[in-house]
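Take a look at the letters that make up each chain.
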Amino acid sequence: MNLSALSLENAPRFWTPLRFFISVPVFGMLAALILFMDGNQLLQSRWHPATLALTHIFTLGYIAMGMLGALLQMLPVVMGASLPRVERSAFLMHLLLAAGALSLVAGFLTDLRLLFAAALLLLVPVLMVFAVAVVLAIWRAGTAGATARAVQIAAVALLVTLGLGAWLVSGYAFEGLQVQRSLTDYHAAWGIIGWILMLIIGVSAQVIPMFLTTPTYPHGFNLWLVYLLMLMLSAGSLLSFAGFARTVTVLVAVLMISYAVVSLYLLARRRRKRFDVTDRFWRLGMLCLIGAGGALLYDVLGGTQMDLDPTVLYGLLLLAGFAVSLINGMLYKIVPFLVWLNLRMPVLKGQVPAGTRLYAPNIHEVISARPMQLQFWLHTGSLLLLLAALFARGLWVYAAAALLLLSNLLLLINLLRAARVYSRCCKARNHP
Amino acid sequence: MKTRHLDVQELEAPEPLERILAELETLPDDTLLTVTHWREPLLLYPLLDARGWQYQTVYDEQTRNYRITIRRTDI
Numbered sequence: 001m002n003l004s005a006l007s008l009e010n011a012p013r014f015w016t017p018l019r020f021f022i023s024v025p026v027f028g029m030l031a032a033l034i035l036f037m038d039g040n041q042l043l044q045s046r047w048h049p050a051t052l053a054l055t056h057i058f059t060l061g062y063i064a065m066g067m068l069g070a071l072l073q074m075l076p077v078v079m080g081a082s083l084p085r086v087e088r089s090a091f092l093m094h095l096l097l098a099a100g101a102l103s104l105v106a107g108f109l110t111d112l113r114l115l116f117a118a119a120l121l122l123l124v125p126v127l128m129v130f131a132v133a134v135v136l137a138i139w140r141a142g143t144a145g146a147t148a149r150a151v152q153i154a155a156v157a158l159l160v161t162l163g164l165g166a167w168l169v170s171g172y173a174f175e176g177l178q179v180q181r182s183l184t185d186y187h188a189a190w191g192i193i194g195w196i197l198m199l200i201i202g203v204s205a206q207v208i209p210m211f212l213t214t215p216t217y218p219h220g221f222n223l224w225l226v227y228l229l230m231l232m233l234s235a236g237s238l239l240s241f242a243g244f245a246r247t248v249t250v251l252v253a254v255l256m257i258s259y260a261v262v263s264l265y266l267l268a269r270r271r272r273k274r275f276d277v278t279d280r281f282w283r284l285g286m287l288c289l290i291g292a293g294g295a296l297l298y299d300v301l302g303g304t305q306m307d308l309d310p311t312v313l314y315g316l317l318l319l320a321g322f323a324v325s326l327i328n329g330m331l332y333k334i335v336p337f338l339v340w341l342n343l344r345m346p347v348l349k350g351q352v353p354a355g356t357r358l359y360a361p362n363i364h365e366v367i368s369a370r371p372m373q374l375q376f377w378l379h380t381g382s383l384l385l386l387l388a389a390l391f392a393r394g395l396w397v398y399a400a401a402a403l404l405l406l407s408n409l410l411l412l413i414n415l416l417r418a419a420r421v422y423s424r425c426c427k428a429r430n431h432p
Numbered sequence: 433m434k435t436r437h438l439d440v441q442e443l444e445a446p447e448p449l450e451r452i453l454a455e456l457e458t459l460p461d462d463t464l465l466t467v468t469h470w471r472e473p474l475l476l477y478p479l480l481d482a483r484g485w486q487y488q489t490v491y492d493e494q495t496r497n498y499r500i501t502i503r504r505t506d507i
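One line per chain: the protein sequences are A and B, in this order. Number 291 in the numbering used here belongs to position 291 of the first sequence; there are no gaps in the numbering. One rule links them: number in the numbering used here = place in the second sequence (from 1) + 432.
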């Protein structure tokens, strides 16, 4: 590995990734507002404009926002790769991603061509540059680790997702352009199974043992899962003969369930048994992944048709259930870690005389346990109510929206508290 | 040469880094520190470089652990 690329100077400063993380719950609250506005209608079909808006609030505003912020921090520290001019790039990336996500969501809600065109202009460059930069940064660093390879493959999947998404949005943005709406299935598959799931599978090989003191995943397990999922996605996209799509779906569902079961097995064997809210978020996320895999199998293998659009159920379990829970849980590890890292930086870099005492809080003290636990229960409650709303209709959806709003408000407060701890410590040290 | 050993496999981030740096503060010149870790401590290397420590990392395929040897003078 080229260690000269690895330096604390390359790690972005505290506020750089934090901008992304603080934006995550803000988009979570926007998701709740859309649920309030469109209520039950939105859960009836994935083609409903508000459903598309809600989906992209989660995928772009919440999930991609969290993942980009985390990758900016992880690339130098965990993979020995760093992006060029990280401070300025991150500032622009955050701005374009937030504005692009809002334009797209507003486009779905209002059906204004101009908003779709704006979303294209804002999102395509930022996500394309990011994905290419990640692939190149890891390649340049010469990192051969499984996590780095998985992240590279996930970044390629992001490019495919983006290409398909941009084409689909062009159909809304430009009059007269005929776009095959069936491409939406491929866009969703590459986005959820490719970018989101493969990235989480790759990164979890590092972060679960690192932050939750579990045993490591079986040797090669995560990378092989990523290879197989990439193979399934590619084959499923390029080949089409009788029964093939069905076979691919079954295999993908089995891989999803395998990953979730192994992860739950590891989480049950944490070396430190004390209560950890991130552990709960990950367990909940993995249960949702099993649920999604089970629902896929049930549907493909000819289960009784239910009075609901199954894709809405998959989307709910995979996005709001699996990905959102994991990201929410990780924010409670990453943000306190950043507070600690940035406050300890002068000591770590040897910039202060040996023996100098500089206060940096223990990472478990940065955010209090009780508000994090309460937020976990609000999140769990909102998920259960969303599922209830999907099956039973009625007023459940408004209760789900209320809990989703409260959950994200509390997440925002908790993250801002961590930022305040950092600011206060800096002020106490008379830092700029 | 004397050897001190530190096993940080079961510690939650960032404790491994803190423990290693704390151990190095009290490490006598004639002693080397060996550390066992389940992952390569990438964040540690630039810190060791900045302090002028020598280090060598070996990956053990069998135990799937990294063994980092750190000392004050050339190995």
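To be clear, the hints were calculated from the coordinates, so they are not data collected in a lab. Check each hint, because a few of them may be wrong.
Pair ranges (Cβ atoms, derived) [said to hold, decoys possible]: (1) B:Gln494 with A:Arg13: 18 to 28 Å; (2) A:Gln351 with B:Arg504: 18 to 28 Å; (3) A:Phe91 with B:Val490: 37 to 47 Å.
Calculated Cβ distances over 10 Å to all of chain B for the following chain A residues [unchecked claim]: (4) Gly145; (5) Met210; (6) Leu212; (7) Thr213; (8) Thr216; (9) Ile257; (10) Arg283; (11) Trp340; (12) Leu341; (13) Glu365; (14) Leu415.
From the three backbone atoms N, C-alpha and C, an ideal C-beta is built for every residue, glycine too.
Do the hints match the structure? See the list:
A beta carbon spacing of about 40 Å between glutamine 494 (chain B) and arginine 13 (chain A) contradicts the range 18 to 28 Å that was offered as a hint. Range check, glutamine 351 (chain A) to arginine 504 (chain B): Cβ separation about 20 Å, and the 18 to 28 Å hint holds. Between phenylalanine 91 (chain A) and valine 490 (chain B) the C-beta distance comes to about 40 Å, which sits within the given range of 37 to 47 Å. For glycine 145 (chain A), the requirement that its beta carbon stay farther than 10 Å from each beta carbon of chain B is not met, with the minimum near 8 Å.
Residue-level check failed: methionine 210 (chain A) sits 5 Å from the nearest beta carbon of chain B, not beyond 10 Å. Taking the minimum C-beta to C-beta distance to chain B, about 7 Å, the non-interface status of leucine 212 (chain A) is violated against the 10 Å cut. Its closest Cβ contact with chain B, about 5 Å, brings threonine 213 (chain A) to no more than 10 Å, contrary to its assignment away from the interface. A Cβ of chain B approaches the Cβ of threonine 216 (chain A) within 10 Å, the least distance being about 6 Å, so the stated non-interface status is violated.
Listed as outside the interface, isoleucine 257 (chain A) is consistent with that label: its C-beta sits roughly 25 Å from the nearest C-beta of chain B, beyond the 10 Å cut-off. At the 10 Å boundary, the C-beta of arginine 283 (chain A) stays outside the reach of chain B, the nearest C-beta of that chain being 17 Å off. Consistency note on tryptophan 340 (chain A): stated as away from chain B, yet its beta-carbon is not over 10 Å from all of that chain's, at 6 Å minimum. For leucine 341 (chain A), the requirement that its beta carbon stay farther than 10 Å from each beta carbon of chain B is not met, with the minimum near 7 Å.
For glutamate 365 (chain A), the condition that its CB be more than 10 Å from all CB atoms of chain B holds, with the nearest at approximately 13 Å. Taking the minimum C-beta to C-beta distance to chain B, about 19 Å, the non-interface status of leucine 415 (chain A) holds against the 10 Å cut.
Hints 1, 4, 5, 6, 7, 8, 11 and 12 from the list above are not met by this structure, while the remaining hints are.
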